[in-house]
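Colleague: Sequence:
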Amino acid sequence: MKIIIAGAYAIGTHLAMLLSRNDQDVVLIDEDEERLGNISSDYDLMTMHASPTSIKTLKDAGAAHADLYIGVTPDENMNMNSCILAKALGVKKTVAKVNNYEFVSPDLDGFFKKVGIDSIVYPENLAAYDIVNGLKMSWVRQRWDVHGGALIMLGIKLRETCEILNEPLKDLCKPESPYHIVAVRRGEDTIIPRGDDVLKVYDMAYFMTTRNYIPYIRKIVGKEHYVDVKNVMVMGGGNTAIRAVQMMPEYMSIKIFEADEKRCEHINELIDTDRAMVINGDGRDISLLIEEGVKNTQAFVALTGNAETNILACLTAKRLGVRKTIAMVENIDYVKMAESLDIGTIINKKAIAASHIYQMMLDADVKNTRFLMTANADVAEFTAQQGSKVTKKKVYELDFPHGTTIGGLVRNGEGHLVSGGSQIEAGDIVVVFCHNVNMSKIEKFFN
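Just so we're aligned, residue 0 is where the sequence shown starts under numbering that gives the first Met the number 0, counting upward by one.
FYI, nobody ran anything at the bench for these hints, they're computed from the structure. Any given hint could turn out to be false.
The list that follows gives simulated cross-link-like pairs (lysine-lysine, PhoX-like), each with its CA atoms no further than 20 Å apart [to be verified]:
#1 K440 to K392
#2 K173 to K229
#3 K443 to K388
#4 K135 to K173
#5 K229 to K317
#6 K1 to K443
#7 K317 to K254
#8 K135 to K229
#9 K135 to K317
#10 K388 to K317
Using C-beta positions, here's what the derived DEER-type ranges look like [said to hold, decoys possible]:
#11 M45 to D74: 46 to 56 Å
#12 V200 to K261: 26 to 36 Å
#13 S339 to G420: 38 to 48 Å
#14 D281 to E413: 44 to 54 Å
Glycine residues also receive a C-beta, built at the ideal position from the N, C-alpha and C atoms.
Modelling step: build the complete structure from the supplied sequences, incorporating the hints.
Modeller: In structure tokens:
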């Protein structure tokens with residue numbers, strides 16, 4: 000697959016990292032030679048020091064034969080204009096990152112496709128969706144809905160109260176069990192577990208289940224005492240915060256802390272002030288937090304543009320008794336530090352946007368793809384084609400690459416967990432977890 004990426008910034012370089020594990024023909028274009036020079040030599044791609052809005056540049060990059068063009072510079076006009084040019088030159092699919100929420104309206108899909116932009120990505124919106132998902136389930140670090148919620152993946156930090164520690168998974172995850180453990184993050188290591196593996200305290204375990212068994216999962220991991228989130232404090236009034244507040248359910252009461260007085264006035268114009276209160280102040284001010292009721296708050300969300308500020312604010316909130324904390328950490332280098340400090344849910348909108356775009360790079364009929372940053376693993380939904388390899392043998396006979404496991408499947412809209420004896424049928428939507436596996440090797444099983 001030939002892919003052209005414009006913009007050697009966080010999203011572009013993160014995409015390059017994801018693609019470096021696959022045999023893709025990638026060209027990365029940027030106007031800054033120094034940024035291109037910072038790309039690791041480990042990345043298997045070609046760089047071009049040029050403007051992505053130059054027709055000559057796009058031709059030299061191979062637009063006439065490219066499968067995908069991705070505009071992810073900070074300039075949305077450059078992204079959109081270069082997509083239009085790339086499409087006119089022959090690129091099959093184009094995607095543009097934008098900074099304007101107006102552009103993501105479904106009513107505009109047809110208009111953008113007509114001019115040559117197949118998909119619009121607004122990272123703030125994607126991040127807001129993850130934030131709200133995290134708040135709805137206070138005991139879960141990550142949640143991922145498969146095929147509209149037919150299957151649910153839950154990333155859960157295991158504590159001493161967990162009932163299923165130190166037991167072989169072959170005894171826990173039987174064919175009739177209502178869940179499967181599909182991945183485990185232990186310290187710096189990611190494990191795609193086998194039958195003899197056990198769960199240990201402080202593991203981040205990824206469960207695949209169906210919606211009706213979520214309460215059961217909550218019980219066995221010892222999280223029933225976690226109170227549901229009703230009162231939320233948000234630090235920072237940027238675009239991500241605004242989108243998250245607008246998406247939060249009506250039963251949540253919200254307080255937004257913003258240090259800039261003019262920004263506070265603007266926020267009040269954008270949100271429903273009957274549900275959310277805007278406070279002109281620093282969300283790290285302990286006396287202010289106590290005055291505003293942090294002791295009765297179930298969740299603290301730090302969304303300023305500064306990773307260190309967000310991490311410190313979440314640590315402060317936890318010390319004051321807030322159980323659920325969410326920190327936006329834009330600097331990838333700080334993510335591991337935030338994890339080691341047990342911050343809670345970590346949001347990196349650039350990594351989320353890169354994962355969203357990543358799904359377009361797969362040849363198989365893939366409905367959804369996610370790179371789990373904390374687990375360093377890929378999760379994808381593949382549709383099994385008629386006559387494909389996965390439909391000819393039972394799961395235990397398929398000989399998937401090491402580091403791969405099937406989490407479940409959706410058949411006729413209904414979610415099912417998968418065991419070794421399961422038989423995949425044509426049309427099934429199958430959820431696959433991969434760690435350090437070339438995704439193209441998995442695609443071959445489904446095409």
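Colleague: A separate judgement is required for each hint: does it hold in the structure or not?
Modeller: Results for each hint:
Using a Cα cut-off of 20 Å, the hinted pair K440 and K392 holds, with the two alpha carbons roughly 17 Å apart. Our distance criterion of 20 Å between C-alpha atoms is broken by K173 and K229, whose separation comes to about 36 Å. For the suggested pair K443 and K388, the alpha carbons sit about 8 Å apart, so the restraint of at most 20 Å is met. Proximity of K135 to K173 is assessed by CA-CA distance (about 29 Å); at most 20 Å being required, the pair is judged violated.
Using a Cα cut-off of 20 Å, the hinted pair K229 and K317 holds, with the two alpha carbons roughly 17 Å apart. Restraint check for K1 and K443: satisfied, since their Cα atoms lie roughly 18 Å apart, inside the 20 Å limit. Of the pairs offered as hints, the one joining K317 and K254 holds, with about 17 Å between alpha carbons and a cut-off of 20 Å not exceeded. Under the criterion of a C-alpha separation no larger than 20 Å, the hint pairing K135 with K229 is consistent with the structure, at around 9 Å.
Straight-line distance between C-alpha atoms of K135 and K317 comes to about 18 Å, which keeps the hinted pair within the 20 Å bound. Our distance criterion of 20 Å between C-alpha atoms is broken by K388 and K317, whose separation comes to about 50 Å. Look at M45 against D74: about 22 Å separates their beta carbons, and that is not inside 46 to 56 Å. Restraint check, V200 to K261: a C-beta distance of roughly 47 Å breaks the suggested window 26 to 36 Å.
Taken as a hint, the range 38 to 48 Å holds for the pair S339 and G420, whose Cβ atoms sit roughly 40 Å apart. For D281 and E413, the hinted distance range of 44 to 54 Å is satisfied, since their beta carbons lie about 49 Å from each other.
Checked against the numbered hints listed earlier, the structure breaks hints 2, 4, 10, 11 and 12; every other hint is satisfied.
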